[in-house]
Amino acid sequence: MSFPVYLDHAATTPARPEVIDAIAQQLATVGNASSLHTAGRAARRVVEESREQVAAALGAGPSEVIFTSGGTESDNLAIKGTFWRRRGDDPRRDRLIVGSTEHHAVIDSVEFLVAEHGARVDWIEVDSEGRADPERVRALIERDPGSVALVSLMWANNEVGTVQPVAEIAAVAHEFGIPFHTDAVQAVGQLPVDFAASGADLLSASAHKFGGPQGVGLLLARRDAQVVPLTHGGGQEREFRSGTLDVPGIRGLAVAIQLATASLQDEQDRLVALRDKLIGGALDAGLDIQVTGAHEVGDVTRRLPGNAHLRVPGCDGDSLLYLLDAAGIECSTGSACQAGVPQPSHVLLAMGIAEDDARGALRLTLGHSSSDADVAAFLDALPAAVERARRARAASRGA
Amino acid sequence: MRVVAAMSGGVDSAVAAARMVEAGHEVVGVHLALSQSAATLRESARGCCTIEDAGDARRVADRIGIPFYVWDMAARFKQDVVDDFVAEYTAGRTPNPCLRCNERIKFAALLDKALALGFDAVATGHYAQIVDGPGGRELHRAVDPAKDQSYVLGVLDADQLARSFFPLGDTTKPQIRAEAAERGFSVAKKPDSHDICFIADGDTKGWLTRRLGEQPGDIVDTDGEVVGQHEGAFAYTVGQRRGLGLKVPRTDGAKRYVVDVEPRTNTVVVGTQDLLGVDLIHGDHARWCGAAPVGERRVGAQLRAHGEEIPAVATASGDSIEVRLDRRARGVAPGQSVVLYDGTRVVGSATISRAGRV
Chain A
31 MSFPVYLDHA ATTPARPEVI DAIAQQLATV GNASSLHTAG RAARRVVEES
81 REQVAAALGA GPSEVIFTSG GTESDNLAIK GTFWRRRGDD PRRDRLIVGS
131 TEHHAVIDSV EFLVAEHGAR VDWIEVDSEG RADPERVRAL IERDPGSVAL
181 VSLMWANNEV GTVQPVAEIA AVAHEFGIPF HTDAVQAVGQ LPVDFAASGA
231 DLLSASAHKF GGPQGVGLLL ARRDAQVVPL THGGGQEREF RSGTLDVPGI
281 RGLAVAIQLA TASLQDEQDR LVALRDKLIG GALDAGLDIQ VTGAHEVGDV
331 TRRLPGNAHL RVPGCDGDSL LYLLDAAGIE CSTGSACQAG VPQPSHVLLA
381 MGIAEDDARG ALRLTLGHSS SDADVAAFLD ALPAAVERAR RARAASRGA
Chain B
17 MRVVAAMSGG VDSAVAAARM VEAGHEVVGV HLALSQSAAT LRESARGCCT
67 IEDAGDARRV ADRIGIPFYV WDMAARFKQD VVDDFVAEYT AGRTPNPCLR
117 CNERIKFAAL LDKALALGFD AVATGHYAQI VDGPGGRELH RAVDPAKDQS
167 YVLGVLDADQ LARSFFPLGD TTKPQIRAEA AERGFSVAKK PDSHDICFIA
217 DGDTKGWLTR RLGEQPGDIV DTDGEVVGQH EGAFAYTVGQ RRGLGLKVPR
267 TDGAKRYVVD VEPRTNTVVV GTQDLLGVDL IHGDHARWCG AAPVGERRVG
317 AQLRAHGEEI PAVATASGDS IEVRLDRRAR GVAPGQSVVL YDGTRVVGSA
367 TISRAGRV
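Chains as they are written, first to last, in our numbering: chain A, 31 to 429; chain B, 17 to 374.
Honestly, the hints are just simulated from the structure, not real lab data. Source: prediction; values computed, not measured. Be careful, since some hints might not be right.
On the chain A side, residues computed to face chain B include the following (Cβ under 8 Å) [what the hints assert, rightly or not]: (1) 348; (2) 353; (3) 371; (4) 422.
Backbone N, C-alpha and C fix where the C-beta goes; we use that ideal spot for every residue, glycine too.
Using the sequences plus the hints, can you model the full thing?
This is the structure in structure tokens:
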């Protein structure tokens, strides 16, 4: 194989050439955006223009854009910051209502608050497709509306690609005057994201998931949203996030979001077609493979256009991963690793999938560089990999 | 050949992997995750399989330019090595978990998985040599007697040997460290690991007691007189002298040793040193590195890791062997392995079931 087939865009997607140029250009320029002299003003101007471009692309106002180091920081700031602020205002607000299939940046922030700050949590159950029901959220709130500090539910899932009814759930939270946060790290760049229309109070996104650089992200925060900051210092970013701004990173993020937004509709159609071809090919390969979550040809309302999540009975995901990697196909098991070992996914378990079934998971995610040839190469390599991985599981289990 | 290099994160397996690459093989590094709750950082020379160790192995793999994966064998390791270790102590025997790990994990679960995935062999950083002999591949002692690990590999059969590489057997440990430094490996000065990897603090008795609970009982002498108390016979090993805490001294002042452990009655029997000498050993679970010997056979018998080799006559009979030592050996505990040598060549091994006198 002369070049690898990259099918892991949900992990990170290649930076676009225009983004790389913009970052390089900005890196060559001196200037701290907080300085008052000419160089500082020039840097500040780049940041503020970028902020306006991001705001325009995501249906937000410029003052609602908080630049961070990435999705994890944005999630931490939204969850912890809101909890501390809202409970500080009213000590009865010690309850969080949070999706059970969230990214670990959300789950671990919540568990930290439970362990160290006296928070309570109600996890929002999901159905077999991974979707949360707004009425279930309402029922959880109604147990004691005055005790809820925050409701948080991801826009789209990073493993199985399930798209959540965020606007409906934001509306339910607002009926009770409770703020709503959504982790939109996987959605931005793949689905139309309009912050104002979504009703969310807080929204997390990460540049390298939509063609920008790694290490920079954003939190959209409504003008009336208030948080206790995680970092203290120079008071940048509405005092939500002190620290010298990463001007080249922010420039790259803004260029990337503009490119992603401009091509969104065409790209969505193209990715859905590739996705459906990939899923269809895998299901028809006679390998007893199942697709996880909702799958309807052409649908983008329930599944991300670039996500295919397959379960291969009788295999360990890490064997599949190795065999496909050796065949030049780069993909993921989708679940978090502990010391390099993929763990059974909490997302699949929450969807009611048995632990043994969850071990043979394979996540293939498409993006702007994906092509028909990538999908064909994957489908070509799949049968031999599955056959070998099944033998390997039997062997390593001593069967 | 396509070879999996088992990489613990230590210096030996790092050099072994590099040597396999230089020998022209297509090598993939694999770190085995054996602990079900791996610690983040290594705390001492003991223990292994921390996330830091996996990271060390990954850096070496990066450096020599091979793919690297972590394979989760924690469930198999618990079942086949840790649970077996506990069961053996519970039964009054003294197991060697490194041998068990080689037999059931490294050259079984790992090798079988590698073969199923399309590899031809496994390479490890053990100090031992494989020699092509007239009757097939032979396992021999390493050239460095201080590091020789052929004892813990004595469980390998001919098929396993045919699928194994030990690239370090022709080199001494100081030379391996020097080679690792020359290769620029960050692990060149990493301390050797010692003792039992899954008992990080080295306190086997405490570890067993935490698992099995205290089971108080009597320590008796060979006449049946109670001379002390213990908190679980499972924690004692034949030949042990330290930590007995005997309350009743012998009138002649002679030192006393554990001479028997009776799990059925939860009793530890102590006696004088002369009772420990044995020259007739029965073993079962025999494994042969090649064809099983027929009839009586002159061998050298090694009774513990880094123990001396004692001239002996071995007679095999199915799964069992009888070994008559030319001179008495002390502190031979049931559960340990006897490994038989012909010169430097490993003939085979068995688990000691009982030991006595001719």
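Q: Mind checking the CB of residue 348/A against every CB in chain B and telling me if the closest is under 8 Å?
A: With a closest approach of 7 Å, the residue 348/A hint holds.
Q. Can we keep the residue 371/A interface hint, with Cβ of chain B closer than 8 Å?
A. Result: holds, 4 Å to nearest chain B Cβ.
Q | Restraint satisfaction for residue 353/A [CB to CB of chain B, less than 8 Å] | A | holds (6 Å)
Q.
Min Cβ distance, residue 422/A to chain B: is it shorter than 8 Å?
A. holds (4 Å)
Of the numbered hints listed earlier, not one is contradicted by the structure.
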